[in-house]
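Sequential numbering from 157 applies to the sequence shown in this note's numbering.
Hints in this document: simulated from the structure, not taken from any laboratory.
Don't take each hint at face value.
Below are the SDA-like pairs computed for lysine to any residue, each with C-alpha atoms no more than 20 Å apart in a straight line [claimed, not checked]:
id	residue 1	residue 2
1	209	266
2	481	254
3	377	481
4	481	395
5	481	396
6	481	306
7	209	219
8	464	289
9	209	186
10	377	395
11	464	497
12	464	271
13	377	271
14	377	289
What follows is a list of derived Cβ distance ranges for each label pair [to be verified]:
id	residue 1	residue 2	range
15	416	373	32 to 40 Å
16	503	391	14 to 22 Å
17	270	421	36 to 44 Å
18	470	285	25 to 33 Å
19	468	310	31 to 39 Å
20	428	464	24 to 32 Å
Predicted model, so just to flag it, every value in this text is computed and none were measured.
Beta carbons: idealized from backbone N, C-alpha and C, even for Gly.
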Amino acid sequence: HPPIYIQVTIAGAIGGVAMLNAALLWFMPRLTRPDLYFAVTVSPGFRDEAEGKSILRGYRIELMIASGLALAAFVAGVALLGIGFVPVGFWVQVLAGFVVFYRARGRTLPYAMPPTMIREAEVQEKHNRVIPGGRIAAAGPFVLLAICATYLGIHGIETPARLSNHWIINGQPADFQSHTLLIYLLTTSGTLISLTLVLYGLARWVRPVYASGPERARELKFRRTTAAIVLVAEYYVVLQASWVLFVRSNDGLLRVITFPLAFVFVLVVLVVLARLGQGGSRLQGLKQKSSAVSATPVGDRTPDRYWKLGVFYFNPDDSAIFVEKRFGLGYSLNFGRPITWFILALTLMTPLIPIVAHLSRFLARFGA
Numbered sequence: 157h158p159p160i161y162i163q164v165t166i167a168g169a170i171g172g173v174a175m176l177n178a179a180l181l182w183f184m185p186r187l188t189r190p191d192l193y194f195a196v197t198v199s200p201g202f203r204d205e206a207e208g209k210s211i212l213r214g215y216r217i218e219l220m221i222a223s224g225l226a227l228a229a230f231v232a233g234v235a236l237l238g239i240g241f242v243p244v245g246f247w248v249q250v251l252a253g254f255v256v257f258y259r260a261r262g263r264t265l266p267y268a269m270p271p272t273m274i275r276e277a278e279v280q281e282k283h284n285r286v287i288p289g290g291r292i293a294a295a296g297p298f299v300l301l302a303i304c305a306t307y308l309g310i311h312g313i314e315t316p317a318r319l320s321n322h323w324i325i326n327g328q329p330a331d332f333q334s335h336t337l338l339i340y341l342l343t344t345s346g347t348l349i350s351l352t353l354v355l356y357g358l359a360r361w362v363r364p365v366y367a368s369g370p371e372r373a374r375e376l377k378f379r380r381t382t383a384a385i386v387l388v389a390e391y392y393v394v395l396q397a398s399w400v401l402f403v404r405s406n407d408g409l410l411r412v413i414t415f416p417l418a419f420v421f422v423l424v425v426l427v428v429l430a431r432l433g434q435g436g437s438r439l440q441g442l443k444q445k446s447s448a449v450s451a452t453p454v455g456d457r458t459p460d461r462y463w464k465l466g467v468f469y470f471n472p473d474d475s476a477i478f479v480e481k482r483f484g485l486g487y488s489l490n491f492g493r494p495i496t497w498f499i500l501a502l503t504l505m506t507p508l509i510p511i512v513a514h515l516s517r518f519l520a521r522f523g524a
């Protein structure tokens with residue numbers, strides 16, 4: 157078994173992320189757009205009415221109970237089954253949170269209202285650039301990857317034919333996968349391409365809720381912030397992948413450094429987005445025009461029926477690839493568009509590269 161300090165570090169980091177998720181779920185009903193409540197389009201001001209407050213109260217009570225049970229399962233599982241149970245405990249908490257959300261959504265549906273369906277087209281202007289630093293900054297992670305790979309090659313730092321990478325799951329090397337310099341390049345560049353597609357999508361494939369006015373300015377700021385987070389994540393991916401190779405002989409050091417850094421990154425992202433509110437709705441001075449002059453909600457200008465389970469957007473007739481989340485911070489994909497599945501396939505294929513390489517080597521030795 158790994159040393160106790162490594163077990164504590166892993167359990168603490170993943171448990172901390174689970175607690176952050178619970179805290180985010182607690183505040184989320186107040187972080188969404190004012191006329192979207194538990195992923196349902198409602199009248200402006202509904203959340204402050206008696207019915208809205210009652211739904212929120214019941215939601216938070218159930219969330220506390222569910223999170224408490226998930227925490228008990230997390231602690232008991234780690235104590236009885238070891239550190240390998242840590243990721244399972246996290247997903248138990250995530251699943252419990254979704255069940256609580258879905259129940260609250262069901263209580264909100266009777267108050268649903270049709271949103272304003274008048275679309276506002278976005279005019280692409282240079283001063284509305286979404287990606288911080290433009291193309292130069294977006295190309296930076298690929299340049300950094302080339303520099304790191306060149307350094308590894310020139311200085312003769314040979315990557316091991318087998319590198320333990322399953323300690324993320326159970327805290328100790330339980331299996332090995334091929335990890336040559338070529339595979340390092342393929343997996344890291346594959347991840348970068350996936351994130352770059354997301355970055356490009358935020359700049360070109362998002363249908364705005366507002367096309368002008370102060371609402372548009374705040375929405376654009378939220379979008380730029382999200383793009384900046386994705387860009388930082390690209391640099392983080394390259395540095396972490398390179399770091400794994402530089403200190404590959406010390407699994408303990410990898411675990412002690414990697415998990416706290418990931419926890420800090422998640423914490424900073426959540427705090428930054430929460431301060432903005434979904435779509436910039438919490439920025440100071442934001443007053444939605446629809447709330448001021450009409451009882452008709454704007455929401456995100458999409459009908460509720462296209463949101464499956466309240467979180468999955470499926471609308472083949474909508475040209476937008478990225479849409480704002482209804483219950484969450486950031487953006488979701490339109491699963492009704494073919495390119496969405498290409499992005500998902502690319503994201504899922506990247507981790508399979510070392511597995512396939514290791515399997516091919518095993519079969520080659522077996523055949524010999």
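**Request:** Mind listing which of the numbered hints don't hold for this structure, in increasing order?
**Result:** Per hint list: 4, 5, 6, 8, 10, 13 and 19 violated.
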